[in-house]
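Asker: As a plain string of letters, each chain reads:
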Amino acid sequence: MIKIWSMKKNEDAAAKKRPKTSAAQIRVQKDLTELDLPSTMKTTFSDPADLLNFSLTISPDEGMYKGGAFVFSFVINNNYPHEPPKVKCMQRIYHPNVDLEGNVCLNILREDWKPVLNLNSVMVGLQYLFLEPNADDPLNKEAAEELRKNRDQFLYNVKASMRGGSIKGVQYDRVSLQ
Amino acid sequence: MATTTISNGAAIAQDWPGRYYHVDQVLDRPGPRTDESFLAGEGVKDFLRNKCKILVIGAGGLGCEILANLALSGFKDIHVIDMDTIDISNLNRQFLFRPKDVGKPKATVAAAFIMSRVPGVKVTPYYGKIQDKDDDYYLQFNLVICGLDSVEARRWINATLVNLVDPENPESLKPLIDGGTEGFKGQARVILPTISSCYECSLDMLNKPTAFPICTIANTPRLPEHCIEWASVLEWPRVHGDKKLDTDDPEHIGWLYKIASARAQEFKIEGVTWSLTQGVVKNIIPAIASTNAIIAASCCNEAFKIATSSAAYLNNYFMLIGTDGVYSFTFEHEKRADCPVCGGEAVDMTISKELTVDKFIETLIERQDIQIKKPSLSSGSKHIYFQAPQQLEEATRPNLEKTVSELVDDGGEITVTASSLPFSLSLRIHYS
Ligand SMILES: [Zn+2]
Numbered sequence: 001m002i003k004i005w006s007m008k009k010n011e012d013a014a015a016k017k018r019p020k021t022s023a024a025q026i027r028v029q030k031d032l033t034e035l036d037l038p039s040t041m042k043t044t045f046s047d048p049a050d051l052l053n054f055s056l057t058i059s060p061d062e063g064m065y066k067g068g069a070f071v072f073s074f075v076i077n078n079n080y081p082h083e084p085p086k087v088k089c090m091q092r093i094y095h096p097n098v099d100l101e102g103n104v105c106l107n108i109l110r111e112d113w114k115p116v117l118n119l120n121s122v123m124v125g126l127q128y129l130f131l132e133p134n135a136d137d138p139l140n141k142e143a144a145e146e147l148r149k150n151r152d153q154f155l156y157n158v159k160a161s162m163r164g165g166s167i168k169g170v171q172y173d174r175v176s177l178q
Numbered sequence: 001m002a003t004t005t006i007s008n009g010a011a012i013a014q015d016w017p018g019r020y021y022h023v024d025q026v027l028d029r030p031g032p033r034t035d036e037s038f039l040a041g042e043g044v045k046d047f048l049r050n051k052c053k054i055l056v057i058g059a060g061g062l063g064c065e066i067l068a069n070l071a072l073s074g075f076k077d078i079h080v081i082d083m084d085t086i087d088i089s090n091l092n093r094q095f096l097f098r099p100k101d102v103g104k105p106k107a108t109v110a111a112a113f114i115m116s117r118v119p120g121v122k123v124t125p126y127y128g129k130i131q132d133k134d135d136d137y138y139l140q141f142n143l144v145i146c147g148l149d150s151v152e153a154r155r156w157i158n159a160t161l162v163n164l165v166d167p168e169n170p171e172s173l174k175p176l177i178d179g180g181t182e183g184f185k186g187q188a189r190v191i192l193p194t195i196s197s198c199y200e201c202s203l204d205m206l207n208k209p210t211a212f213p214i215c216t217i218a219n220t221p222r223l224p225e226h227c228i229e230w231a232s233v234l235e236w237p238r239v240h241g242d243k244k245l246d247t248d249d250p251e252h253i254g255w256l257y258k259i260a261s262a263r264a265q266e267f268k269i270e271g272v273t274w275s276l277t278q279g280v281v282k283n284i285i286p287a288i289a290s291t292n293a294i295i296a297a298s299c300c301n302e303a304f305k306i307a308t309s310s311a312a313y314l315n316n317y318f319m320l321i322g323t324d325g326v327y328s329f330t331f332e333h334e335k336r337a338d339c340p341v342c343g344g345e346a347v348d349m350t351i352s353k354e355l356t357v358d359k360f361i362e363t364l365i366e367r368q369d370i371q372i373k374k375p376s377l378s379s380g381s382k383h384i385y386f387q388a389p390q391q392l393e394e395a396t397r398p399n400l401e402k403t404v405s406e407l408v409d410d411g412g413e414i415t416v417t418a419s420s421l422p423f424s425l426s427l428r429i430h431y432s
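Chains R and C, in that order, are what the protein sequence lines are.
By my numbering, the letter at position 73 of the first sequence is numbered 73, and the numbering carries on one by one without gaps.
By my numbering, the letter at position 170 of the second sequence is numbered 170, and the numbering carries on one by one without gaps.
Since the hints were made in silico from the structure, they are not lab data.
Where hints are given, some of them may not hold.
Covered stretches of chain R, going by a simulated chain C footprint (3 or more residues, C-beta under 8 angstroms) [unchecked claim]:
#1 38-50
#2 110-122
#3 132-142
Quick caveat, the model's predicted, so the values are computed rather than measured.
C-beta atoms are modelled at their ideal positions from N, C-alpha and C, and glycine is treated no differently.
Work out the full structure, taking the sequences as your base and the hints as a guide.
Answerer: As structure tokens, this is what we get:
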């Protein structure tokens, strides 16, 4: 058997065994404790001992969704950051990039995810969807259509939906802070 | 002629004259590239054939090849772990299995086949997960070879072997040889835990699983894969709520297949089949027998060289691209200072039993050799103190008043993260 031990550098000899915390766990600790979020975003942990399941509330202070509080669930698995976190909107909202089941169309949550991205990037990306809803990547086609054709009507629908109104037969959740 | 009795009571010949004639050409005399520690002759042959214990993880496409190669090159104490059972679709390349074996555990069948075919080789199977085994289990081996198709399992075994390294015990360092294939592409690498670049160091080099934009799946499907993803990503949770999709359950795959086919018909897309459905949801890349054979051969070649010191081993990454011709390339993947598994520092600290967490954090910040601001601390799954987010800071704040010794045992570990650290810092705490 090859003598590998002698290749260990002297300074390595001082290295001690590492804790039995998985790389995913440490990475989530690092991501969460170094979050740099504006006051419009807040995380909530239903069990503070569990870092892998939590929610994020976004309360935009500008744009068409101003005045609402939008809640997303985050589920992180042990293959993070090889795999992205799973994110869903917990409310039924009227938004071109969010469907009625809460699926979100955000490129870095799927096809453009990379391990160098982190939870902060995802959260900032989500907030951006409320500032700049995008009619080109629709998940709610009615909403996207309205945004493209008639911005005033779209804004009216957003406000109505946020108060818990229904649009084209679909009842939305009340998300208004007032 | 030496004989041995195996469990079925039949006496069979082993190590007949000339059995290892070709292998012995390499072991009986040094060559220009042999390691200086190489001892030609009986010593090395005795180690390889009577003392060396090797673990093979995975008994699938790569594993079958690896087991056969090891047994034929003279390894005689082989262990194999695999959690899967044999599927009929495995039979085209996993040549240790026969139609009668379908449904049986891969590890058990592969072990029995090798033992019946190669006299004198003992293969010990374990049908289960690598995570079932503890450090003592992994410590018994001289070498580990991985032929896995899962990133998660590889990350686990890599981290386990890096953690196993105990500076006081040279035997705790287990070379890891990792093979992987994807269609016509493959790689083999040698990982010397804590010494050379580890699996986690190169995680961002991996091809990520293909994912299609969710809006394409929802609105403008063009490929059969889009229809299958529509069924699994959007329709499954909509219809089944919180019920988890089990990609090993034929009923679940059948449901997805039905939904995806209807979707494909609606959009006039051809090519949704049962096996494509299974392939997409399990993220299976077609396995090519010849790629497995090349990569397994490379892994076993490295295992042989490391076990015998008979030639220089791979430093440290071999890449095969067989898509256009046969191209291969070797390079040294560098260890990453910010690797969450093998990078970062480990520091011993001796502190008073009376020291509070609050004062301990102050000490850390003041230490010139560490240079951290705003550290967050945990020990195993226990959160000691988190700087943020607010709710976690509040939940861990009461710990600031406690003594470190209330939360961490003597010799216990604290993981420190901070934005000023490349990744994390590991502290081993002793009390004075
Ligand atoms: Zn590493």
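Asker: Any hints from earlier that this structure breaks? Give me their numbers in increasing order, please.
Answerer: Structure breaks no hint.
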